[in-house]
Every structure is written in structure tokens, then in C-alpha cells.
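Sequence order for the protein chains is U and S. Following my numbering from start to finish, the first sequence increments by one per residue and tops out at 248. Following my numbering from start to finish, the second sequence increments by one per residue and tops out at 496.
Simulated from the structure, these hints should not be mistaken for lab results. None of these values were measured; they are calculated from a predicted model. Wrong hints could be hidden among the right ones.
Claimed, not checked - With the C-beta cut set under 10 Å, the calculated list includes, among others, these residues of chain S facing chain U:
| id | residue |
| --- | --- |
| 1 | 256 |
| 2 | 258 |
| 3 | 259 |
| 4 | 305 |
| 5 | 322 |
| 6 | 335 |
| 7 | 336 |
| 8 | 367 |
| 9 | 373 |
Unchecked claim - List time: in silico DSS-like cross-link candidates among lysine-lysine, alpha-carbon distance up to 25 Å:
| id | chain 1 | residue 1 | chain 2 | residue 2 |
| --- | --- | --- | --- | --- |
| 10 | S | 382 | S | 363 |
| 11 | S | 363 | U | 115 |
| 12 | S | 375 | U | 115 |
| 13 | S | 375 | U | 243 |
Here a beta-carbon is modelled for each residue, glycine too, at the ideal position from N, C-alpha and C.
Protein chains: 2
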Amino acid sequence: MQRFKLTIEYDGRPYVGWQRQENGPSVQAAIEEACRAFTHGEDIRVMGSGRTDAGVHALGQVAHLDLERDMTADGLQGALNHHLRREPISIVAVEAVSEEFNARFSAVKRHYIYKILNRRAPASFQKGLMWHVKPLLDHEAMHEAAQLLIGQHDFTTFRHVRCQAKSPVKTMDYLSIERVGEEVHIHAGARSFLHHQIRSITGTLKMVGEGNWSASDVKAALDARDRSRLGLNAPPDGLYFRKVEFET
Amino acid sequence: MQRFKLTIEYDGRPYVGWQRQENGPSVQAAIEEACRAFTHGEDIRVMGSGRTDAGVHALGQVAHLDLERDMTADGLQGALNHHLRREPISIVAVEAVSEEFNARFSAVKRHYIYKILNRRAPASFQKGLMWHVKPLLDHEAMHEAAQLLIGQHDFTTFRHVRCQAKSPVKTMDYLSIERVGEEVHIHAGARSFLHHQIRSITGTLKMVGEGNWSASDVKAALDARDRSRLGLNAPPDGLYFRKVEFET
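Construct the complete structure from the given sequences, taking the supplied hints into account.
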């Protein structure tokens, strides 16, 4: 048996999310179907580093799978991409790894980016790929307020009510906001995140960028540890799972 | 009567092209329909700076239209974008201009960009938005060969057989090739282009980038003034009408 590490890029628009679900097509199910196709019926489980929600995208999701048959990393990449050719999913890298490697449990840092299209004119190409916000955002004020969320905090305010994590305490390694032409990008990194944490933070920072909330409003909302104090939850459209780092 | 200049961004994938045609939806027809909606039935003609083909995109197509009713540029932009909200078309700027202005005949320079996704892994987000080329392209060799096409030439080799331009002689102002991460971008500028000229040049430069053609093969093909000597015609997917400059 050989374990492989897959790096995966996908457009989340047509999917109910990464995870296999009863109610619609998922990225995990599409890749498991592709495995079934080239192995002529084997049930192969694909485990991801993170569960992205419906409509959330990935530039560098990582997953692992185990193969009984003898196959090179290149051969596996070609076979998967061939069977995924009708899906907006691309296996961008495949690597043979030891059985110690686990996409979920060996991950030590996860990086996300949230893209806001910040202009008066509506989206064209960017529909479903960015959050369209019309008023000009003060990205410097957003960045400043974001620094209050760095480090270890109880993020109950910034957590979905159905989040399954045992503890609401997480450590945010960095949270940086930059303007790139008509876009505002929010970069976030942590060992792991709560359900909806980045979208909740993004919605709140948008209120800061519009001048409706101050940095101290963000601090008060964090300190309240109360979901009802959340400013705003951003839509999934602009969120990308960018990269995963593993223990070495 | 007031004339307005529109700057338009669109995803060309769902359209038969810019121009109104019998055989399917066009960008021009969608904008004319939006005009009909907010004027409650007036027939308003929208004239573009260039006719993009089926599947070709625009970052800065320009068009003009004349309005009888009293409306500000901002009001027109809002009304058009409201009625275009289900289309991947965005009116990014509107400006009131004199009747001397003509989107087609006042244009003195047109800029295009052609995007190649140059990696082994297939496209995900980029499907229909870039041309996927697997072998690593030598973009420096492509740039060097491209310089042979700068200036005034008879571009018969690089012209669609049904091109309606009176003369095959055009003046290429610049043709630059750069690598941007996994992408290779071809930048082209001229007063005007022949039908399929950029796609024909792109296909030929791709053969150079793969090492199958030399710069002197490109020169020989140009000098032959013979469409059958064309290396390859690139698909519409990667082509974007980027910007138009007008006489002042």
C-alpha cells in the first residue's frame, strides 16, 4: 500500500462543499468517484486538510489517499485529472508520502485568502468568486482593527452556532489586509479555524472599512464572546483555502 | 440628445460574440435589451470599438449610445447594471461625451491581452478563461520571435479567410510576452487588428515557445502571405479586449 498527498485547486461554486454530503455534489465525492473510475470500482477514501463550505474555493487544499495498486505519483495525477476533466477541480500536485502523513492531523498551519471586489460596478468574471462591496473600503483601518484579533482568543463571537470544535479558543497567527487594484484581500493564517471564523471576521472588518465600526467595536465584540454581537457574516464567494503546512 | 461613452467588462463564454447575431446571445444585444428595459421600449443602438468573437472576453470594451431622455452618466450606469444583473457583463464606467465621439471611428489604438495557463495540471477556475498549454513555454524565445512582427506588414498569413478588412496590411505597435507565475501573457497593441490576427499570432508563438518553430520560421510564414502557412490558431478562451485609446 502506498499513501499519496494530493494538492487540489477547485472552484467551489457548483459544490455543497468539500465534504461528501447527501444533499448534493461535493469535491470529496468527485475525487472519490475519479478513484473508483480508474481502479475499476475500488472504494478509496480521500481525506482533506479542511472542510470548506458550500461555495468556498481552494487554491491549495491538501488530501491524502491510500492505493493498493502500484502506481507512480505522476500516473495517479494523470488518472485523476483525466476522470475529473468535466469538473472545475484540478489536481495540481501528487507526491508519494509515508503512512505517517495525515492531511488532517499532520497539518500545523492553514492559510486562507478572502477576496473582496471593491468598486461601484458589479462583478462580471468575479461573480461567485469575490464578495462585491460598493463603498470604498479603508483597508488601512481594516488592517489596524484586524491586529486586535492576532494571538490566542476565545472566538465565540466569530463562530458559527453549529461549529463542532470542542473549544472556541484559537490562535490567529496573522491577519493582513491589502488593496490590490480594485480588490481588497484579507490574508489569514492559523493552526486551525472555527466554522465560519474567517467569514465572520471578514464581515466585521468590512464594517470597519466602511466606517460603521471602530477598532474598539471589534475588540468589544470579541470580548463579549457572544455570537449575537457579530457585525456581519461575509458570503462564501470570496473565500479561498490557499495553503497547508505540515509537521516535518 | 446626449451621447454617452460606456466602458464594459464581460465574460465572453456565454455569448456568440460582441455583435448582435441571429444564432445566439450577444453582448451588444444584452446591453441593447437593458436600454429597452429602462427606457420602456426605445430602440437604442449600442456601437462598440471592436467586434470580439464567440468566447472572447473584455476588460475594457468601449461603446457609445445616444439618449433622448435627460439622464446623468451615473444614472445610466446604475440603470444598465441593474438590468444586466443576470449577465456576466459589467458597465464599469459611463461618461457624457460630444457627438463627435464614435467608439469605432474615433479609436486610435486597441490593446489586447492573451492569457495562457502554462502548467501540467488542467484548469479549474481558468476553464474558458485561458488557453491551457502543458509543455513549459520558453517565453523569452516567444518574445524574441514576436519582435519580427512589430511594425507595418502584410498579415495575410495571420488573418481569418473570411476577414472583411479591405487590406491585410496592419501596423503592430507592440507585442510583448511575459511570464506571470503559471501564466504566459501576450500583450498586443495596434490601431486595429485583422480578424483572428492575435489568435493566429498566439498559436504561432506557442509553437516557438515549445521549440517546434524558430524565429525564422515565423518570419518565413509572415513573408509567405499565405494563410496555409500559419502554424496554429489559438482558441478564443484566453483573449481579452483590454483597452481602447481615442483621438483627443
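Against the structure, the hints:
{"no.": "1", "hint": "256", "verdict": "holds, 9 Å"}
{"no.": "2", "hint": "258", "verdict": "holds, 5 Å"}
{"no.": "3", "hint": "259", "verdict": "holds, 5 Å"}
{"no.": "4", "hint": "305", "verdict": "holds, 7 Å"}
{"no.": "5", "hint": "322", "verdict": "holds, 9 Å"}
{"no.": "6", "hint": "335", "verdict": "holds, 8 Å"}
{"no.": "7", "hint": "336", "verdict": "holds, 5 Å"}
{"no.": "8", "hint": "367", "verdict": "holds, 7 Å"}
{"no.": "9", "hint": "373", "verdict": "holds, 5 Å"}
{"no.": "10", "hint": "382/S to 363/S", "verdict": "holds, 14 Å"}
{"no.": "11", "hint": "363/S to 115/U", "verdict": "holds, 21 Å"}
{"no.": "12", "hint": "375/S to 115/U", "verdict": "holds, 20 Å"}
{"no.": "13", "hint": "375/S to 243/U", "verdict": "holds, 22 Å"}
Every hint, counting from the list given before, is met by this structure.
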